[in-house]
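**Q** Protein chains in written order, with full-length UniProt numbering: chain A, 1 to 69; chain B, 1 to 69; chain C, 1 to 69; chain D, 1 to 69; chain E, 1 to 69; chain F, 1 to 69.
Honestly, the hints are just simulated from the structure, not real lab data.
Be aware that one or more of the hints could be misleading.
Pairs count within a copy or across copies, as identical chains cannot be separated in the list.
Unchecked claim - Here are the computed lysine-lysine pairs in the DSS-like style, where the Cα-Cα straight-line distance is at most 27 Å:
#, residue 1, residue 2
1, LYS50, LYS18
2, LYS18, LYS47
3, LYS50, LYS10
Predicted, not measured: the structure shown is a model, and the values here were computed from it.
Number of protein chains: 6
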Amino acid sequence: MRLSARNQLKGVVVDVVKGATTSHVRIDVGGTVVTASVTNEAVADLKLAKGRVATAVIKASDVLIAVEE
Amino acid sequence: MRLSARNQLKGVVVDVVKGATTSHVRIDVGGTVVTASVTNEAVADLKLAKGRVATAVIKASDVLIAVEE
Amino acid sequence: MRLSARNQLKGVVVDVVKGATTSHVRIDVGGTVVTASVTNEAVADLKLAKGRVATAVIKASDVLIAVEE
Amino acid sequence: MRLSARNQLKGVVVDVVKGATTSHVRIDVGGTVVTASVTNEAVADLKLAKGRVATAVIKASDVLIAVEE
Amino acid sequence: MRLSARNQLKGVVVDVVKGATTSHVRIDVGGTVVTASVTNEAVADLKLAKGRVATAVIKASDVLIAVEE
Amino acid sequence: MRLSARNQLKGVVVDVVKGATTSHVRIDVGGTVVTASVTNEAVADLKLAKGRVATAVIKASDVLIAVEE
């Protein structure tokens, strides 16, 4: 499967914190940790857990830019 | 200034492609290139151009996860 | 590949309208047409064109709900 | 009221799962189920419950596209 | 029609800048100007133009927070 | 720090409601209350609490427009 999203950062799941309906999944992408907020159902479906290889997918229109003054 | 966004990836602008109202800015973040789609006004305001140090900012709720089957 | 996104609507591309940097791709999903705004690069990479089988992918946190009063 | 969002999929609420602050609402849109993640306040305000007619509203810029290789 | 989105800021359109596929619409909300990036089709459908009463609608999950150090 | 986001609405935090993983923060922006859904980690990091000066940051591509018929 291929995706239109311009940003696909492959890494390894570092940890998964489950909430009542929403989980936070942290993925180590070459030393940088990316946090994703996904549904608990997605965590179960994709078997997301520490050590799982996973890709953080981000649409270009969801990226803001910050600069120092 | 500090931001609530969990993902703040610092890097250097690689290129800026301007459209009629929307520009695509690519930022090299430690070897990984992140693409952001922002308004042309933002490009002007932040003086975004090749070589500019910039941070890609992404909310955790805007990150999807993909895994191999 | 499997995705965390709860909404994955499979259909057929109806048309692609290219802009300067951003394209609008319309996908017929069982009679309902879903419009996606993606980068021109994504249109080229995924060879999106009329008749191409494609899936509209939408995160649950990007869906609003409207009701009649 | 009319909305700028290109995607407005009318259906019927199938179920509502409440979390601590965030609920997941599933809407049957002509046989396809669309999941929305909304605040608990929205569930109360809109009286979202099984059987309620509701429309899933999605901005074109929030739709990704996936294709088979 | 009622919407799940927590943020609905009513105002008056100040200007509309059309691009190839995407327009930028600025709405004056009680002295604060809010900019929306929408499709050209939406501008036509909703007859968006200077002086038109319009509401900026924003999901709570799309709002970031910034604070001074 | 400067941000590409077109919408930066400065105000004062009115209240913070914590969930299991996600908090809802309401900010009074000159009489209008804006609700943001952020991670609990962000609430802790930014010391978000009633009375704290804070800015609601919203990308133009995340703003929908509604009009009366």
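**Q** Each of the hints needs a verdict: does it hold here or not?
**A** Verification of the supplied hints:
1. Within a single copy, LYS50 and LYS18 get their C-alpha atoms as close as 13 Å, and across copies as close as 26 Å, so both meet the 27 Å cut-off.
2. Proximity of LYS18 to LYS47 under the C-alpha cut-off of 27 Å is found in both arrangements, the shortest distances being 13 Å within a copy and 23 Å between copies.
3. In this assembly of identical chains, LYS50 and LYS10 lie within 27 Å of each other by CA distance both inside one copy and across copies; the values are 14 Å within and 25 Å between.
Hint compliance for this structure: every hint is met.
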